[in-house]
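**Q** Given next are the chains, with one letter for each unit.
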Amino acid sequence: MNEQWLSVFPERIRSLLLKLPPLMLSGLEEVRIREERPLEINTGGQFYFLKEDGGVTVHPEQGVRTGREESHRLLDLITNHSVYTMEEELRKGFITLPGGHRMGLSGRAVLSRGKVEHIRDISGFNLRIAREVKGASVPVLPYLLDNRGKNLLHTLIVAPPQQGKTTLLRDLARAVSSGQFGTGREGWPGLKVAIIDERSEIAGCRRGVPSFDVGPRTDIMDGCPKAEGIMMMIRSMSPDIIVVDEIGRQEDAEALRQALHAGVRVIATAHGAGDAKPLSPLLEGILGGKLFQRFVTLRRSEQGFAFKVYDEDYKPLLQH
Amino acid sequence: MIKLLGAAMVILAGTLAGWIQARRFAVRPQEIRRLILSLQRLDTEIGYGFIPLPEALRRIGAQSREPLNRLYNEAAEAMEAPRNWTAQDSLHYALQENWKFTSMKAQEREVLHQLAFTLGTSDRANQKTHIQSAVKALEAEEAQALEEQARYEKMCRSLGLLIGAFIVILIY
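Protein chains in written order, with my numbering: chain A, 11 to 330; chain B, 191 to 362.
Hints were generated in silico from the structure; no laboratory data involved.
Be a bit skeptical, because a hint or two may be false.
With a straight-line cut-off of 20 Å between C-alpha atoms, the simulated SDA-like cross-links for lysine to any residue are [stated by the list, open to error]:
{"#": "1", "chain 1": "A", "residue 1": "Lys125", "chain 2": "B", "residue 2": "Ala315"}
{"#": "2", "chain 1": "B", "residue 1": "Lys318", "chain 2": "A", "residue 2": "Leu327"}
{"#": "3", "chain 1": "B", "residue 1": "Lys318", "chain 2": "A", "residue 2": "Glu127"}
Output of the computed footprint for chain A on chain B, the stretches with three or more beta carbons under 8 Å from beta carbons of chain A [what the hints assert, rightly or not]:
{"#": "4", "segment": "231-242"}
{"#": "5", "segment": "299-313"}
Predicted, not measured: the structure shown is a model, and the values here were computed from it.
Every residue, glycine too, gets a C-beta built ideally from N, C-alpha and C.
Using the sequences and the accompanying hints, generate a full structural model.
**A** And the structure:
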């Protein structure tokens, strides 16, 4: 198991986390550090505060508090002692760590001409631990195949936050890129995949190299605005499939339309309630017309994912 | 005969002591100058190169001569695994361990000590200001060191010889 992220924490916090029962440790999703307040963890969908003796509690007053010194130390460690190399990250409010994990930051914003320039007095940290689930896309894949073009259909994955959209998206990219999809015993040959990874979540790139397995034929435009990135990739990398995370703005839809006209398949995710109707009225307004051929809604369950697949007229194809 | 030999040795010792003292006055401004140059290089590495602090310190260490390179390398090493100390702790430790190898004085050490509190903890513009103000402070020290050199270097040299001679006269 990959617990590399532990090394970013100062000694005391690390030893507290290591005292957790193994099941809790392996199920960790978030570690939240707020200066002068109790240390919080989020494991298996439940939140707890850590106690001095290594136990957990739901009562904040019993939790271990972290101080200014520890915030300093943590910031120093996650920036490799060089906050000045992370100006762009500080503008966005998160830092991608080795292994694709993300450290969200909060503090006091410093403005320049009305825009956030960076954050200082950083006192809140939220480590979101990224977990790669290879094979997460296996049950969904058969419903997304385009048998004529030996490709995938235009697909939109819709779900609320923290339900596994990005995990599914990442595994779809890997499967298609490495040729582990399609019908027949041999499957179909791998395709050129282009990921536009605005928030460095899909591939978890460090210095341009992905931390996750996203397949051998995959190109990644890291930290790039989606609409621009889609156009750049179409022009420069001749992809068969474009993969983007969290579309939702007018210009994203415009770029998607361009991609569709260029004959490139699109797999995207969007936020949504994920119940009766896959698309929220807001998204429907933006996407206008029939852009996508398949919709997948996700919900996290005991066994992993529970998902539904709909066709272009929102008719359900599968309930799992 | 033995008396003469003894007298010669006393004079020699006095001269040598004077020379060593004089050399200290001569070396201090040189070392301050090199320290200033290395800080300016650090400024470039941070401001234009976006080089992370440990690597920047290593690079500067490689370009510097004794005794500055020890200082930079020691700090860089403390920041990296397995020690993983903060930038501030690493620099303070390196200063404490290596300052005795330099001919510089407490004022210069204080400038670096202060700089260590901010190095690596803010954005580029801020880093630049702090490094520049450290350079300014060092330049003031350099001017003073040069003045002291002009005033005392020759004096120490002749004084050593004279004291040697004086002792010889007294005991002869």
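**Q** Please name the hints from earlier in the document that this structure breaks, with their numbers sorted from lowest to highest.
**A** 2
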